[in-house]
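Enquirer: Each chain, letter by letter, is given below.
Protein chains: 2
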Amino acid sequence: MTTAATDKRRVILDAAVRVFARQGFHTCRVSDIADAAGVAYGLVYHYFSSKEQILDTLFLERWDVMLAAIAEADASPRPPQEKLEAIAGFIIDSYRHDPELMKVIIVEVTRAANTFGLTHLAKIREAYAGIAAIVAKAQSDGRFRAEVTPEFAAQAFYGSVEQVLTGWIFDSVAVSEAELERAKTMIVDTICRGLERRGPNPAGESA
Amino acid sequence: MTTAATDKRRVILDAAVRVFARQGFHTCRVSDIADAAGVAYGLVYHYFSSKEQILDTLFLERWDVMLAAIAEADASPRPPQEKLEAIAGFIIDSYRHDPELMKVIIVEVTRAANTFGLTHLAKIREAYAGIAAIVAKAQSDGRFRAEVTPEFAAQAFYGSVEQVLTGWIFDSVAVSEAELERAKTMIVDTICRGLERRGPNPAGESA
DNA sequence: TGCCACACTGACTGACCAGTCAATCGAGGG
DNA sequence: CCCTCGATTGACTGGTCAGTCAGTGTGGCA
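Quick mapping for you: the protein sequence lines, in order, are chains A and B. According to our numbering, the stretch in the first sequence is residues 195 to 401, in order. According to our numbering, the stretch in the second sequence is residues 195 to 401, in order.
No lab work stands behind these hints, which were simulated from the structure alone. Just to be clear, a hint being listed does not mean it is correct.
What the hints assert, rightly or not - In silico BS3-like pairs for lysine-lysine, Cα to Cα no more than 25 Å straight-line:
#1 B/Lys378 - A/Lys331
#2 B/Lys378 - B/Lys317
#3 B/Lys202 - B/Lys245
#4 B/Lys245 - A/Lys245
#5 B/Lys245 - B/Lys317
Claimed, not checked - What the simulated footprint calls covered on chain B by chain A, stretch by stretch (three residues with Cβ under 8 Å from a Cβ of chain A suffice, anywhere in the stretch; the number is not a length):
#6 258-270
#7 331-343
Computed from a predicted structure; not experimentally measured. Backbone N, C-alpha and C define an ideal beta-carbon position, used for all residues, glycine too.
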């Protein structure tokens, strides 16, 4: 069953990523997607009920993977810094693997307050909540200081990551592997330092 | 000369803010703006050459004030933490004063990579560069550690602020004065802690 | 009083495009 | 060899909307 039928659907989705990334959701035509996919116009409507549903599908596909990554990080027994590093790493790897898809998700969904974003607001908030939960746990462990609310810390963390990606997206210059790794380290380093307690700060922490 | 003529122009701009904030730039009609301004359709084109130029004007008006605020902070003799606090304060005050305008700028311009953002990319980058300059200076002073590049620090800082605003924008719940102030403190605190050197912990600290 | 310049009006048009649908293709099964 | 059914095609339609333009109202000035 995962033959030609499903293949074409996939081809259309992949073409849509390229078209949305280049022209933007609102500016592109459905025929652009069909052309990019090498498929007749009508076939797009055979697989999707509307232009919006294509974007919908792209977002949900990827975001669900991200929510799983956050949940997995949260569930692991590692220290909070490493959990956050895993999340930042996941997001940056997503960009490494498919920069155009990340561009579409960030530009057209995550920030598209009015039209599209509202539909997926709950999903988006789930991610913030997952990160906040990690911070909250770190605070009650005494590893992170309590002056900063977990919700705020989550926004600051996610915002930093997304802004760094946005910078790359707009520069339209390929980012080297080294830069990607370096960025991950810098984000996690900076934010974790900002959140950590300072008092007893030995190598082998023991609150 | 700053009579009725200029007034109507202003009325149209203010109406556009409300309309863009509620419906989004791409989704709204020019007639919506004219209606909201209580003005004939054609008058919009008397003052502006296109729908896009309205957004253009709104963005530039506000962004230039922000660039000035950044430059002023940079020029002051205060420590870097206070400079960054002034900038975060300016952005948050902008939101306090006109949340709808900030929504439009963030959602429709700052993140609108494809169509609109590119036009103003240079202006937007100027802001990042201004913040980066402050960080760079703080690093050569020895107040901030050098492991994090100034460009990255600027992105992380600005990204945190913008993400917190985005959170408020989407919540569509009025934010209290106290929360606004608290957010400012938390952002600056967190990021500055993340950027500071740790070694000697002199009396520059709030203690 | 007459005239000009310009703010202002809103009906109209030309272009564009999302979504529809009737027709064609082709694989598999009888 | 024909029939069926889902995949596939692309011309067409209905509606929308940015931008135009011919015209009206009015304040100021000679």
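Enquirer: Would you mind marking each hint as holding or not holding in the structure?
Expert: Right, here's what the structure says about each hint:
| no. | hint | verdict |
| --- | --- | --- |
| 1 | B/Lys378 - A/Lys331 | holds, 24 Å |
| 2 | B/Lys378 - B/Lys317 | holds, 24 Å |
| 3 | B/Lys202 - B/Lys245 | holds, 16 Å |
| 4 | B/Lys245 - A/Lys245 | holds, 24 Å |
| 5 | B/Lys245 - B/Lys317 | holds, 20 Å |
| 6 | 258-270 | violated (count 0) |
| 7 | 331-343 | holds (count 3) |
Hint 6 from the list above is the single one not met by this structure.
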